[in-house]
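Student: The lines below spell out each chain.
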Amino acid sequence: MDSAEVEFLAEKELVTIIPNFSLDKIYLIGGDLGPFNPGLPVEVPLWLAINLKQRQKCRLVPPEWMDVEKLEMMRDHERKEETFTPMPSPYYVELTKLLLNHASDNIPKADEIRTLIKDVWDTRIAKLRVSADRFVRQQESHAKLDNLTLMEINTSGAFLTQVLNHMYKLRTNLQPPGGAQSQDF
Amino acid sequence: MPATQKPMRYGHTEGHTDVCFDDSGRILRVHGEKNGKLVTAVSNNTIQVHTFPEGVPDGILTRFTTNANHVIFNGDGTKIAAGSSDFLVKVVDVMDCSQQKMFRGHDAPVLSLSFDPKDIFLASASCDGSVKVWQISDQTCAVSWPLLQKCNDVINATSICRLAWQPRSGKTLNIVTWSPCGQYLAAGSINGLIIVWNVETKDCMESRVEKDYSDLFDGDDRSNAGDFLNDNAVEMRSFSKGIINDEEDDDDLMLASDVTMLKNSSSLLKEEEEDDQAGGIQNLPLLTSQKPFYNGPMPTPRQKPFQSGSTPLHLTHRFMVWNSIGIIRCYNDEQDNAIDVEFHDTSIHHATHLSNTLNYTVADLSHEAILLACESTDELASKLHCLHFSSWDSSKEWIVDMPQNEDIEAICLGQGWAAAATSTLLLRLFTIGGVQKEVFSLPGPVVSMAGHGEQLVIIYHRGTGFDGDQCLGAQLLELGKKKKQILHGDPLPLTRKSYLVWVGFSAEGKINSFIKIKDIFSRRKLFHYFNCTPCYVDSEGIVRMLNRGLGNTWTPICNTREHCKGKSDHYWVVGIHEKPQQLRCIPCKGSRFPPTLPRPAIAVLSFKLPYCQTATEKGQMEEQYWRSVMFHNYLDYLAKNGYAYEESTKNQAIKEQQELLMKMLALSCKLEREFRCVELANLMTQNAVNLAIKYASRSRRLILAQRLSELAVEKAAELAATQAEEEEEEEEDFRKKLNAGYSNTATEWSQPRLGNQAEEDTEDSGEADDIEEKPETHNHGQNSFFKNANSSDVLAIKSGAVTSSNQGRINPFKASAASFFQKGASKADKTEEVKEENSENSSSETPPVCPQNTENQRPKTGFQMWLEENRSNILSDNPDFSDEADIIKEGMVRFRVLSTEERKAWAAKAKGETVSDGAEAKKRKRVVDRSRETENQTEKAKENLNLPKKQKPLDLSTNQKLSAFAFKQE
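Chains V and D supply the protein sequences, listed in that same order.
No gaps in the numbering here: position 76 of the first sequence is 76 in full-length UniProt numbering, and each next residue is one more.
No gaps in the numbering here: position 645 of the second sequence is 645 in full-length UniProt numbering, and each next residue is one more.
Please keep in mind that the hints were generated in silico from the structure rather than gathered at the bench.
Hints are not guaranteed to be accurate.
[Stated by the list, open to error] Here are the computed lysine-lysine pairs in the DSSO-like style, where the Cα-Cα straight-line distance is at most 30 Å:
#1 D/K579 <-> V/K53
#2 V/K70 <-> D/K608
#3 V/K57 <-> V/K97
#4 V/K25 <-> D/K567
#5 D/K567 <-> V/K57
#6 V/K109 <-> V/K57
#7 D/K608 <-> V/K57
#8 D/K589 <-> V/K109
#9 V/K70 <-> D/K567
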């Protein structure tokens, strides 16, 4: 799975928009959306929200957690804790990135939020690296990772498993099962 | 030199000092001016000297660790004293800043200082609530009085607490000021009382109550209340005899103190100086005697006029309007004085930015125009400015000046008109293009107005309220073709001790769903938020709506405070919608209104009528039922005013209501409340009553079923009576049409209740045929509803009977009930017909139609036809049968014995008869013969009655559905 796919999944997350047009319910395979009343908040998936925003058909309402104070608290908590803390949304990075890229004018203190999310992300990735490192060093057979989001798993998951495979191969090759086979050449 | 470039707001006599806060309240500047020097205390915690008037910095006198709050010169200008938020007081020599004296002893920021004229003492007041007098020479505290209210910071101090010494003898007073000549003493109290005494004679020179503050500022959110009433700026007058109150001139802080402080300070006087002193003390009784002694209810200050959906005027960034169309914001700060208009629906108009040079204070917004108004200034008259953006010509704005001394206080926009209420109690109407229309007098000072469509609601002061109540009245006018007043200044009910915060019309959520029939003719495209029911909100958060169904009373529909989490949280209402039942408002944490930034988000609340015991199922259903009734009142209003509306809405509402009634009936049945069941059935339509009968008989409540069937018969009779009346009227109408030579097509014959009005319109406007078709279908829809209400009920009786026999239940009582019903129905039919005939006779003088016609009417079902034929058989077999019910019972049994084919044949026969009847009628219709016309008409009427039969399958299915649900309750 690559990050684009993760982002695609994230686009199904519901966000609140305030449309500036009037439209009846729209019926889609994924479910009914709307009705859209000008000035009245309505929940739509992120992909639609961004599409409407790009056409200047709506204003985005930032999710509740996208607030400097809350994020600061979250960041501090994340730094304090040894393990991963639960995130406000399973797609917090993707949502932040997409919303801030397309609708930063509707989000107060967009830059601060971007920095905060980046901080949280860095902290978590660092934690992940450290724990992966320890995992490899101590040659553990299993580890438990709670509260990781899909994007985070995606950054190191594939790589880590591959690495472990390789290492396993290397390690098993270290103990010569077939004697000095290589010496034959 | 930012400090000196700010305009000083007051001119002072020499050596006086003053404090002024800048906007943020964070930086504080204290100015003292003496002997060509200006001393400022600026926010970098220093006291700086400047030359005056050049304003060039001339060195720093002293520093504090925080802001200095007050700086003063002594009498000869050689020293300054400065008090700071770091609890210190310093006395510094102006010429030599190394000569400093520090006074420690206050436990909170120092508020204010005062040198005594002889330079022996220094008085200081502090936030710790004490006033201390220091000996300057040895820096000791001579005396300390705990006089003031304690607070934690200068900003929070209720009083700036300026001190003053009598110029000659040197006495300290707290809230009182000495006149420069030392002869007079002025005191201001927090309730606005200002008294001036002559010190020598101990006489009260003058006293005056400027404003009653204590009444304004009780309650939890004082500042808001104050904001709203806009009364916190007291106008100070300079008194005669050269007395200047330079204490009370700061808007931001309240007046000095209250009477108890005066007492303290006067006792203080006594302590300090014996000679010539009694002045203050003996003046005290005078003071109390000046206050009128009255313990009864106090009049409430009248609330100021306001625009719905606006935030207080004194804010630099405020909402002028937030309504269902858009938002108007006003910025009034140093760089900019501008108005921003934004539309929720950008297809109405794009966002606009206007410069606000005329200082507009009130605004309204509709889908046609932006209306702005400003108050008069010294040079300029009060103006009404309209930006009519939907105009099709190129000039899109107009301005009207009000006559002299007339200020616009409230404005509103409707469809095609604008209104302005002025300070001279006039209401001026304009067209949207700027033509002046009616002018009329208002019964009282306007509070607020709202307009939408053709309706205008004006809220005004009917009189003076007492004990915190407002005394408001409401006028509701319709400004359409037929102008009329609906509410004639009736009292507006408000929660106790509250004031009005919002008034407006409920809006139906969809654009274009209500189009006036006439507008189809003119083919005008309409953006139409149809608004019809006036609503208002008071400061306690109760939303009330006009209940047109109950003689224009006001019903509370929501309590926004119930939804609030905190005590000081409020909901700021921006709109009310009836169709999706929504109350749109903005949640405000800890205030009554939202700030412009960050942009507030709308929340949607649901309505809840204040019914009792809504925790129980019964209470809940009652609330739901009446809410549904309440929120569909507007449909009746629409129908009455010739608006087309979606019939499905109405049907849905009726269905919902009947369902609720049915549920309530089932519940009462379960609770053995049969009387209540009958009461509920009274509210039902004929159709639902049938179901109720069925329900009752199935749950073996025979008495109830009987009662209900009696009720059903009564209802049918009533219905028939009203229907007949209606028909009579329409007949008349119709005849007139005939005489006018209007050619009638077959459909029009059969639908005499088609909107005559519409036809008239078509004729009048001479529109082409294709247009004529449209209203026809429209009318048809509207009309068929009209009729359904009547005919479907008649039909319902029949269908009820039919279903009961078809379902083949062997419940003798039920069968009899059904037939009983049937009788009632046919009776009703008969009376109806007789009436019709009567009306015909009177109008066309034709011989009465033969009674055979009515006879033909009766057999409607196969079973009945069969019964007619076999009645004699039954009677002969059972000679003891005298009761009709018994005969029917027996007949049922026999009929059931018949094979299905036979039964079908009978049913077909019954149907066939009606069909042939109809066909016959059609054939005959072509005949124009006058003598046969009447006959024709009766046939027609008959057809009308038969007509519903064709809809039977549909009706039957809904019936079954309803009954299925009813039985689910069992």
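Student: Take the hints in turn and mark each one as holding or not.
Tutor: Results for each hint:
{"no.": "1", "hint": "D/K579 <-> V/K53", "result": "28 Å, holds"}
{"no.": "2", "hint": "V/K70 <-> D/K608", "result": "34 Å, violated"}
{"no.": "3", "hint": "V/K57 <-> V/K97", "result": "20 Å, holds"}
{"no.": "4", "hint": "V/K25 <-> D/K567", "result": "37 Å, violated"}
{"no.": "5", "hint": "D/K567 <-> V/K57", "result": "37 Å, violated"}
{"no.": "6", "hint": "V/K109 <-> V/K57", "result": "22 Å, holds"}
{"no.": "7", "hint": "D/K608 <-> V/K57", "result": "33 Å, violated"}
{"no.": "8", "hint": "D/K589 <-> V/K109", "result": "20 Å, holds"}
{"no.": "9", "hint": "V/K70 <-> D/K567", "result": "24 Å, holds"}
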